[in-house]
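Now for the letters of each chain:
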Amino acid sequence: MTVIAELLKAPRASLEVDDDFDAVNVLMRARGWSDGLPLIPPTAARVEQLLAYCDRPWNQPVARMAPRYGEATPLRLAANAVMAGCRPEYFPLLVLAIEAICEEPFNLYGIQATTHLCAPLVLVNGPVAKELDVNAGCNAFGPGWQANASIGRAIRLALVNIGGAIPSLGDMSTFGAPSKFSYLAAENEAASPWEPLHVERGVPRGASAVTVIGAECPHNVNDHESITAEGILSTIAGTLLGTGTNDIYYEAQPLIVMGPEHARTVADGGYSKADAKRYIQERAHLPLGRFSKENIERRMRVTWKEKYATAGMDAPVYMVQKPEDILIAVIGGAGKHSAVIQTFGATKAVTRALKLRDGTLARSVEDFKRR
Amino acid sequence: MCELRKRGLVTVVICSEPFLKLGKTQSRVFGVPDLPLLLIPHPLGGLSLEQVEGRAGHAVPKVLEIIKERFK
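Going down the list, the protein sequences come from chains A and B.
If you read the first sequence in the working numbering, its first letter stands for residue 1, the second for the next number, and so on.
If you read the second sequence in the working numbering, its first letter stands for residue 1, the second for the next number, and so on.
Simulated from the structure, these hints should not be mistaken for laboratory data.
Computed from a predicted model, the values in this text were never measured in an experiment.
Just so you know, even glycine gets a beta-carbon here, dropped at the ideal spot from N, CA and C.
Each hint should be verified, as a subset may be incorrect.
[Stated by the list, open to error] Derived, one-sided and incomplete: chain A residues facing chain B with beta-carbon distance under 10 Å:
#, residue
1, 37
2, 67
3, 164
4, 169
5, 175
6, 301
7, 305
[What the hints assert, rightly or not] Pairs of lysine-lysine, DSBU-like flavour, derived with a Cα cap of 35 Å:
#, chain 1, residue 1, chain 2, residue 2
8, B, 68, B, 6
9, A, 348, B, 6
10, B, 72, B, 21
11, A, 293, B, 62
12, A, 293, A, 9
13, B, 68, B, 24
14, B, 21, A, 348
15, B, 24, A, 9
16, B, 62, A, 305
17, A, 348, B, 24
18, B, 68, A, 9
19, A, 322, A, 355
20, A, 130, A, 369
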């Protein structure tokens with residue numbers, strides 16, 4: 001008997017259905033296993049193809065997913081990955097992303113259960129992005145790439161089916177967001193004038209990693225006129241401004257997605273990433289008087305009384321508390337655009353390197369293949 | 001709250017109706033399926049202070065009942 005056949009003998013590990021695509025989908029939707037779109041039936045044979053890319057025990061949890069705290073075993077993750085349309089070789093990246101979003105600082109419980117519209121955003125760095133053809137260029141957050149679409153979708157299905165993020169039961173988002181279907185892209189390292197995000201966050205150059213962020217959808221920064229670093233950065237700082245963002249309530253880490261053309265202009269102006277962060281943070285503030293009277297009296301003057309208890313209406317309210325809290329990644333293709341991605345606030349970005357079970361850095365997803 | 005309950009303290013979670021199912025699920029997940037969930041009218045945000053006091057007025061007698069019940 002094969003390993004998977006043995007595992008599927010466990011109670012409720014499998015069920016038999018007529019070999020009919022429509023019937024299987026009717027059943028899966030009825031059980032609440034779907035994101036609303038049709039699913040690929042997770043047959044044992046298909047699941048096993050993905051598990052071939054897993055060097056760990058298939059029935060041992062790699063993490064527990066809030067709010068249900070369901071066990072994310074490779075077996076369960078592989079079933080969700082098949083349902084989402086993943087290719088087998090995507091599996092190590094999916095497992096890595098799941099481990100990252102389940103790390104404590106990310107606050108998956110909050111991200112899943114909040115009324116806010118956030119979703120886990122997964123940014124991929126390193127050679128695995130190219131190996132799996134994860135889109136980092138034109139339309140990176142949009143449709144058209146199997147890796148972006150299906151790995152992101154597999155994460156969502158795992159969040160629902162293992163984590164219990166069922167609308168109005170474990171996912172209380174007031175209205176959700178399209179990014180809850182799939183939200184994954186790679187950094188365009190080749191087009192970036194700076195060190196990649198994962199290297200900046202401590203992963204060795206040449207290794208692969210994911211960085212996960214409890215994020216809102218991208219908000220566009222159109223700047224076709226600025227030809228200086230200061231001009232581009234001022235427009236980005238201006239786009240960060242808002243009186244209704246969660247980020248002002250916390251020591252939040254918003255992501256600045258720099259389009260490659262904007263990034264080049266900024267770098268050519270002599271700005272390092274740290275310089276750019278400082279410039280943006282110093283200029284991204286609103287006067288207290290721009291907030292509603294009730295927010296000033298009931299929140300600002302009370303929650304942050306040391307800053308605002310007696311502050312005048314022109315006192316600055318910073319959108320980001322420290323320059324180093326800002327994350328910068330270069331993503332996208334041609335065009336004079338960047339994007340700001342604000343966050344749930346009560347969450348920290350987590351970067352996790354792609355490693356084999358023995359802790360060594362993986363050079364390729366093929367390293368995970370069972371011999 | 002579940003952890004406090006497990007340690008024997010009197011506990012009650014106050015929530016509004018849309019969050020009741022989430023509260024029940026969480027209490028089961030954390031091994032305290034009988035954790036008292038006290039319903040108050042929704043919403044809790046966006047209220048005047050008088051309305052917030054009204055919510056408290058709704059909840060306090062029930063909290064007292066739960067405490068008395070515990071020490072019967």
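Hints versus structure:
| no. | hint | result |
| --- | --- | --- |
| 1 | 37 | 24 Å, violated |
| 2 | 67 | 6 Å, holds |
| 3 | 164 | 7 Å, holds |
| 4 | 169 | 5 Å, holds |
| 5 | 175 | 13 Å, violated |
| 6 | 301 | 14 Å, violated |
| 7 | 305 | 17 Å, violated |
| 8 | B:68 - B:6 | 18 Å, holds |
| 9 | A:348 - B:6 | 30 Å, holds |
| 10 | B:72 - B:21 | 29 Å, holds |
| 11 | A:293 - B:62 | 34 Å, holds |
| 12 | A:293 - A:9 | 62 Å, violated |
| 13 | B:68 - B:24 | 23 Å, holds |
| 14 | B:21 - A:348 | 27 Å, holds |
| 15 | B:24 - A:9 | 31 Å, holds |
| 16 | B:62 - A:305 | 33 Å, holds |
| 17 | A:348 - B:24 | 27 Å, holds |
| 18 | B:68 - A:9 | 49 Å, violated |
| 19 | A:322 - A:355 | 31 Å, holds |
| 20 | A:130 - A:369 | 18 Å, holds |
When each numbered hint is compared with the structure, violations occur for hints 1, 5, 6, 7, 12 and 18.
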